[in-house]
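Going down the list, the sequences are from chains A and B.
Residue numbers 1 to 501, in the UniProt record's numbering, belong to the letters of the first sequence in order.
Residue numbers 1 to 568, in the UniProt record's numbering, belong to the letters of the second sequence in order.
No wet-lab data here; the hints were simulated from the structure.
For glycine and all other residues, C-beta sits at the position ideal for the given N, C-alpha and C.
Just so you know, not all the hints are guaranteed correct.
Claimed, not checked - FRET-style restraints, in silico, Cβ to Cβ:
#1 A:Leu483 <-> B:Ser289: 34 to 44 Å
#2 A:Gly321 <-> B:Ser289: 40 to 50 Å
#3 A:Gln338 <-> B:Ser289: 38 to 48 Å
#4 B:Asn324 <-> A:Gln409: 34 to 44 Å
#5 A:Asn251 <-> B:Ala275: 22 to 32 Å
#6 A:Gln338 <-> B:Glu551: 23 to 33 Å
#7 A:Gly462 <-> B:Gly459: 22 to 32 Å
#8 A:Asp379 <-> B:Ser289: 19 to 29 Å
#9 B:Arg393 <-> A:Glu32: 35 to 45 Å
#10 B:Gly428 <-> A:Leu50: 48 to 58 Å
#11 A:Asn400 <-> B:Thr559: 28 to 38 Å
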Amino acid sequence: MSNPPSPSPTRWFKALRRTRLGEPCLRTYPLECVDLLRRARIAFQAGRTLKECFRLTQLEALVRMLEEHECDFVDALGRDLHKPRFETVVFELITVKNEALHAITNLKKWMQPQPVEKNLSTTLDECLVISEPLGVVFIMGSWCNPVQMCLVPLVGAIAAGNCALVSPSEYTVHTAELLHRLIPFYLDNECFHVILAGISDLPEIVELKFDHIFFTGNKEEGSKIAVAAARTLTPVTLILGSKNPCYVDQNCDVATTVQRIAWACFHNAGQSLTAPSYILCHTDVKARLVQALKCCLMEFYGPDPRESRSFGRMVNLDIFGRTRDLLWRSGKVVVGGQVTEAEKYIAPTVLTEVAESDPIMQQEVFGPVLPILSVNDVDEAIAFINKQEKPLCVYAYSTNSKIISRIMQETSSGSFCSNDCILQSLMVALPFGGVGACGMGSFHGRYSFETFSHRKASLLRGTRFECVTYLRFPPYEDRNLSLMTWACALSQKSQGWCQIL
Amino acid sequence: VRHRCAGRGRLARLTCRLWPRPPGRSSARSAQRAGLHVTADGFPGQFFRLRRAASSSRFRAVQSRRGDAGTDGRTDGRQAAAPDCRCAGSAMSAPAAGEKMEIHSQMVERLRAAFRSGVTVPEEFRRTQLTSLMSMIKDNEDQISEVLHRDLAKPKFEAVLSEIEIVLNELHYAISNLARWMQPEYVSKSLATKLDDCFIRREPLGVVLIIGPWNYPLQLLILPLVSAIAAGNCVVIKPSEVSGATESLVAELIPKYLSQDCYTVARGGAEETKALLENRFDHIFYTGSQAVARSVVQAASIHLTPVTLELGGKCPCLIYGRINIAAAARRLVWAKYFNAGQSCVAPDYVLCTKAARDALVPALREVLEEFYGKEPKESPDFSRIVSDRHWTRLMELLKKTSGKVVVGGEADQEDKYIAPTVVVDLQGDDALMAHEIFGPILPILTVESLEEGVDFINGKEKPLALYVFSDESSVVKTVMENTSSGGFCSNDAIVHMTLPGLPFGGVGMSGWGSYHGRWGFEEFSHRRACMLRGWALERLNGLRYPPYSSEKLKWLRWTTSPHSCSLM
Numbered sequence: 001m002s003n004p005p006s007p008s009p010t011r012w013f014k015a016l017r018r019t020r021l022g023e024p025c026l027r028t029y030p031l032e033c034v035d036l037l038r039r040a041r042i043a044f045q046a047g048r049t050l051k052e053c054f055r056l057t058q059l060e061a062l063v064r065m066l067e068e069h070e071c072d073f074v075d076a077l078g079r080d081l082h083k084p085r086f087e088t089v090v091f092e093l094i095t096v097k098n099e100a101l102h103a104i105t106n107l108k109k110w111m112q113p114q115p116v117e118k119n120l121s122t123t124l125d126e127c128l129v130i131s132e133p134l135g136v137v138f139i140m141g142s143w144c145n146p147v148q149m150c151l152v153p154l155v156g157a158i159a160a161g162n163c164a165l166v167s168p169s170e171y172t173v174h175t176a177e178l179l180h181r182l183i184p185f186y187l188d189n190e191c192f193h194v195i196l197a198g199i200s201d202l203p204e205i206v207e208l209k210f211d212h213i214f215f216t217g218n219k220e221e222g223s224k225i226a227v228a229a230a231r232t233l234t235p236v237t238l239i240l241g242s243k244n245p246c247y248v249d250q251n252c253d254v255a256t257t258v259q260r261i262a263w264a265c266f267h268n269a270g271q272s273l274t275a276p277s278y279i280l281c282h283t284d285v286k287a288r289l290v291q292a293l294k295c296c297l298m299e300f301y302g303p304d305p306r307e308s309r310s311f312g313r314m315v316n317l318d319i320f321g322r323t324r325d326l327l328w329r330s331g332k333v334v335v336g337g338q339v340t341e342a343e344k345y346i347a348p349t350v351l352t353e354v355a356e357s358d359p360i361m362q363q364e365v366f367g368p369v370l371p372i373l374s375v376n377d378v379d380e381a382i383a384f385i386n387k388q389e390k391p392l393c394v395y396a397y398s399t400n401s402k403i404i405s406r407i408m409q410e411t412s413s414g415s416f417c418s419n420d421c422i423l424q425s426l427m428v429a430l431p432f433g434g435v436g437a438c439g440m441g442s443f444h445g446r447y448s449f450e451t452f453s454h455r456k457a458s459l460l461r462g463t464r465f466e467c468v469t470y471l472r473f474p475p476y477e478d479r480n481l482s483l484m485t486w487a488c489a490l491s492q493k494s495q496g497w498c499q500i501l
Numbered sequence: 001v002r003h004r005c006a007g008r009g010r011l012a013r014l015t016c017r018l019w020p021r022p023p024g025r026s027s028a029r030s031a032q033r034a035g036l037h038v039t040a041d042g043f044p045g046q047f048f049r050l051r052r053a054a055s056s057s058r059f060r061a062v063q064s065r066r067g068d069a070g071t072d073g074r075t076d077g078r079q080a081a082a083p084d085c086r087c088a089g090s091a092m093s094a095p096a097a098g099e100k101m102e103i104h105s106q107m108v109e110r111l112r113a114a115f116r117s118g119v120t121v122p123e124e125f126r127r128t129q130l131t132s133l134m135s136m137i138k139d140n141e142d143q144i145s146e147v148l149h150r151d152l153a154k155p156k157f158e159a160v161l162s163e164i165e166i167v168l169n170e171l172h173y174a175i176s177n178l179a180r181w182m183q184p185e186y187v188s189k190s191l192a193t194k195l196d197d198c199f200i201r202r203e204p205l206g207v208v209l210i211i212g213p214w215n216y217p218l219q220l221l222i223l224p225l226v227s228a229i230a231a232g233n234c235v236v237i238k239p240s241e242v243s244g245a246t247e248s249l250v251a252e253l254i255p256k257y258l259s260q261d262c263y264t265v266a267r268g269g270a271e272e273t274k275a276l277l278e279n280r281f282d283h284i285f286y287t288g289s290q291a292v293a294r295s296v297v298q299a300a301s302i303h304l305t306p307v308t309l310e311l312g313g314k315c316p317c318l319i320y321g322r323i324n325i326a327a328a329a330r331r332l333v334w335a336k337y338f339n340a341g342q343s344c345v346a347p348d349y350v351l352c353t354k355a356a357r358d359a360l361v362p363a364l365r366e367v368l369e370e371f372y373g374k375e376p377k378e379s380p381d382f383s384r385i386v387s388d389r390h391w392t393r394l395m396e397l398l399k400k401t402s403g404k405v406v407v408g409g410e411a412d413q414e415d416k417y418i419a420p421t422v423v424v425d426l427q428g429d430d431a432l433m434a435h436e437i438f439g440p441i442l443p444i445l446t447v448e449s450l451e452e453g454v455d456f457i458n459g460k461e462k463p464l465a466l467y468v469f470s471d472e473s474s475v476v477k478t479v480m481e482n483t484s485s486g487g488f489c490s491n492d493a494i495v496h497m498t499l500p501g502l503p504f505g506g507v508g509m510s511g512w513g514s515y516h517g518r519w520g521f522e523e524f525s526h527r528r529a530c531m532l533r534g535w536a537l538e539r540l541n542g543l544r545y546p547p548y549s550s551e552k553l554k555w556l557r558w559t560t561s562p563h564s565c566s567l568m
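One chain only, chain B, in its complex shape:
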């Protein structure tokens, strides 16, 4: 009863193709207003209570009845445009309430059934979903900037640039390349398989879980979602509960725009995530911190689930050799204090020579004033720290450090504000150098030579990104070849992750697996080797059958001796 699409291929495909059409602008707006009202009480605490209540049978009955109404509404929706609106309304209130009731395992089961029915496989379906995801972003641009401002005081400019445009770009890229990516890839054949078809098919994995972080609550959640949809998977989306406003908005919008059978939003804090991870998924995509990653991977290993981890790490920024200090300072400041330093690819610390440091500090001071004015607190262009906990953590780091604060250092707990801060004169074992800073504090360490800098970087865990500022290409080359990191960018920072053609992902302790563009599609696909053989040449085949003889072996050796041949 609960899942009608599962059994019937054609009808399900039809309804799903019809269903995800986004409602018109006016109806969307009214729905949003109502949606905000619904989500106002959607806090994790209540969620927890409700989840427990959901185990009572009475509750389940209500739920299944509602689910029924939902699907009925959907099939009705085919007949006229008017019911479409009604259906959108009912669907919107249903998932907000219904989602809480839904026990995780049931949710995963529901998605799995949808996946088994094969609705996600055709290209048109994926394309429709991606298109409606695009209209979801476009229709609600203002709302998105607003919730981001509420969570992180993110300036509109940053929100548009780092959350909205980048997602739209990825969507465009995916939509225009989808057909090409889905093509089977034919491989070169050996002599023995000349008559056969050998190719690699990209097949969807099944039900995947995407766990997003709070620092770019939309971008880092939707980009993997784009890849997962493009690869034809069903997805459970788990936005971070720390950025609550965005979480609510995502939970409200996704069911409205995307097929509810295939994509669903799970909400809640650490407890819920833990419970969610007890289910078997076919892939888990986690972005966040190392500590949580460990428990995610451990939970996944029980079910032998492959995981993609996008973690942070202390991204070094090496400044060495001949360099235009002013330009470097501008790019560095922009990258570091973008989103108040809460980016996984933000430069974490600077390594430079003493002379360069003496030139850099005044340049940084100047650029900071130019960017954020004399009082960065007043600037509308500077974000805030996401939560009290993180504010306290950062302030403690500032207190513990033995370095000297040369710029900034002011803070305001009420506002969760920490000024853009630069710290100098610190040692490698300083408190600031122990873990990823993830805030607007920039320590500057000095090294004597390039080798020392490279050694220092290699002495730490592999970072997610590594930046070098230098006009000398030999310096850039040396650093690039002698260090290891997830990504590498010279004379700029962060920008390397905006190219959909480049893979984005970590190595070692900064994670594994990569995404963006084609790489994300591959990450969420299984590459299935397929070989279609014919019936001909059985005589030749006979060489490999027992009873074995040295005569046969000689022939086989001869046929396989050319370099491109495996086995008859």
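Extracted from the complex, chain A is given alone in its bound form:
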């Protein structure tokens, strides 16, 4: 279990058999991954990625790729998720582009060694924290935002000077193939590779021993990845889906609230890690909220959302079937509820009278279904939120800032946003990540850079001043000890300027 698996005959056999069965031929087999990993490792060890100019060129190429192939991305995502052009551009392309531009602007600053405060014994030395790349990292994106979830971490990995293998989700075949085709044209062919692997192959690939693993997706797969990474002692960053609560207070602007929630909840047909999964609303406001949601959905998607060009579809029949079953088995439908299997279409649906024990409240839902639960006051809402596993995001809508800060302080989640949804996860300056059951580690902007860097503590001393150093050498004398403890005590009073001499 300790050794990373080597390319064994069984693997060869597996690969051969798969090919003969005539599965989609565009597929990277673990064996090829071994080869790609080796190539990336050689390139890394040769120090290709260390230079700032190399990283900048790669980032600029990435931006160019997004600009030149906007139509291809829109087309691929349209085929995979029926994603409207608007959403593709806003959520996938602009986000990644911003991220890359932010990295380009700040790269020099990030790469600079940071000096730290010194103490008496090191005043003449240099104390630095140097960010150095980890090596070859493995990035697995979720199918919810296939471009964003692959490329935003990739920007961080490039900026930090790593080589990377990127695995877009197999659910979004067209996008994955597009990335697989485009990236070699723009990025360095030795350092960065896109692989097309099935979800079941991922743990096996993880065990090939990378230097860092970055995974976004759902919890089941995430735990498989974590277990596989643990076998090879690899650090992981996990961003996992969860049930994100959204509290709506009785004091709020219902019309605006509803617009913001509906937009967040039904974009990409609800397939998002950060979309609110259920509304906890104050009993007083519930009727108004449901009414406003009805109007809002009508305004957004028209009388028949199936006809709307602004509404997406489920990614595949599995997810479609799962969501439909959840929808049918819980609560009462007040808006929507129509499904069309042939189109993988589920209408924007609002459920009421949902019990906590209903299946829709028990599982992760990636779909346009929004259950509304009511609570009597904010305490009950907080208690409800804290009873569940820690979510990725908590949202709260209220005009009363006391209520907002109570929810913020008394709950725990990956991130928090008041009076809006999702936006906190798109900000370049804010870290986005999970805590507890929804993952570990964070990314975006500077935090991606840090996730993919090791901070090396460096102390550069001279060999002079032996006269001070000698105090610490044996044979130990009490006189020296008291001198040193005295110096320590002195330094503690004046903010730690001295320790071991």
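Knowing the structure of chain A, use the given hints to seat chain B on it.
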């Protein structure tokens, strides 16, 4: 019944603030005497038996009754100073016995309840706990040096320097910076979010587990504890059972000084640790060996628990170029034979040219004699190996090596003593080069050039620390830029880990995550992105809503085109 603090915020906070006040010096001393008596029979074997017994219901009843008495005593303690002493006494005997009875899951549940009640969040609470941790170290300095001497024959000087002062320093640093660290960090905003508040809050993770090693049984256990307390977590502390005396002392002192609701000590060997790891923690901080780390990480991955690993590795020491050999030898010998080489950051082997080696060996011999005298065994300044098992392992390495022992080599199993030893003329595939040595044996390998040295280092797993001795700054720079390691120090060793401003942690096979000072605080905190938006500018917001149109998209593109803007 078992946990009274959980439900009531105010009262719990009050009692906890009052409770952790350390007892006065005289009462502490008498309590210690009694405590030593209690811990004398606290061996892991018995612990195991008792743990099994604890599953019987009769036992549980006794336990809950005792727990009750404990909390009652605590609330009484508010009324007068006298009951405070009594309460300290009863609390001390209760955890020693009560702790063994407590099944791990119950213990974790108890801490979790305390965490949920929010007692650990206020700054004063953390500050009080850190202060009483400081008085715990200060009040018991002599006892600490004594137990360290019992475990590792650690000289007092080393104990004070590497275990006590460093912890006190960290505590001072944490206490004086705590308020600043806890501040929310505001981030730069984009055009679209100009009117909103965007900041990062540092939030505690919950119940964390800290597993300490035996080589610096106090330092490497208490330093992460300082960070965890500063970050506002509840902590299960698991000292190493190999350094038994220190384990007992920690188990005895912690409940006496720190809040018992939030911090607890778990004792026991490998079996107990395994059982302990079956519980869900919010973070695990492990310091120790790679083999155990693997099982810790695997156990953690089941619950998706983040782990910080502080492992060892073969820390190379490269000597190259123009150099004052005498000074280098002194610093090298000090670092290598400090604590008899049982430090995770001790230089593991030396790489130098043939010429440098020929100068180095006599210099090492001379310095060793100067430091430890002609007979290091007689020297009070030289530690012993921690256990028979490790002694045997080291002696086997010495037997297997094909190198030539030029200094030292003597050993005494009775005393668990191995003399400071230097081995030369060995190959890269020698037995001594296979794993971390962790003992007073220093192999010296020769390389022809700097490139060869760098290649040799890069051919091995990434070490926890890397040392270069050279007066030429170009050599230092080359090595620093072309190698990777947890920490880096030129012209000295170990010292880089004493600065609280520098992160301490490994990379690759020497672990991940870092601590010390602010870095430790961050390690035990969750950085929660918070965005507080207003209700204004809904017209502008409307740009992002369906039905989508290319007109809207054009506007959105325009507003997001400046480099610092994400999304309307």
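> Holds or violated: 40 to 50 Å for the Cβ distance of A:Gly321 and B:Ser289?
Replying inline: Since the Cβ atoms of A:Gly321 and B:Ser289 sit about 48 Å apart, the hinted range of 40 to 50 Å holds.
> Taking the beta carbons of B:Gly428 and A:Leu50, is their distance inside 48 to 58 Å?
Replying inline: 26 Å, violated
> Is it true that A:Asn251 and B:Ala275 lie within 22 to 32 Å of each other by Cβ?
Replying inline: This hint is violated: roughly 50 Å between Cβ atoms.
> Is 38 to 48 Å a correct range for the gap between the Cβ atoms of A:Gln338 and B:Ser289?
Replying inline: 60 Å, violated
> Is the distance from the Cβ of A:Asn400 to the Cβ of B:Thr559 consistent with 28 to 38 Å?
Replying inline: About 30 Å separates the Cβ atoms of A:Asn400 and B:Thr559, which means 28 to 38 Å holds.
> Between A:Gly462 and B:Gly459, does the beta-carbon spacing fit 22 to 32 Å?
Replying inline: 29 Å, holds
>> Verify the CB-CB distance for B:Asn324 and A:Gln409 against the hinted window 34 to 44 Å.
In response: 57 Å, violated
> CB of A:Gln338 to CB of B:Glu551, is that within 23 to 33 Å?
Replying inline: For A:Gln338 and B:Glu551 the Cβ distance comes to about 29 Å; the hint holds.
>> Quick check on a hinted range of 19 to 29 Å for A:Asp379 and B:Ser289, using CB atoms only.
In response: 48 Å, violated
>> A range of 34 to 44 Å was offered for this pair. Does it hold for the Cβ distance of A:Leu483 and B:Ser289?
In response: This hint holds: roughly 36 Å between Cβ atoms.
> Does 35 to 45 Å hold as the CB distance between B:Arg393 and A:Glu32, or does it fail?
Replying inline: Holds - the Cβ-Cβ distance for B:Arg393 and A:Glu32, about 42 Å, lies within 35 to 45 Å.
Violated hints, listed in ascending order, are 3, 4, 5, 8 and 10; each of the other numbered hints is respected by the structure.
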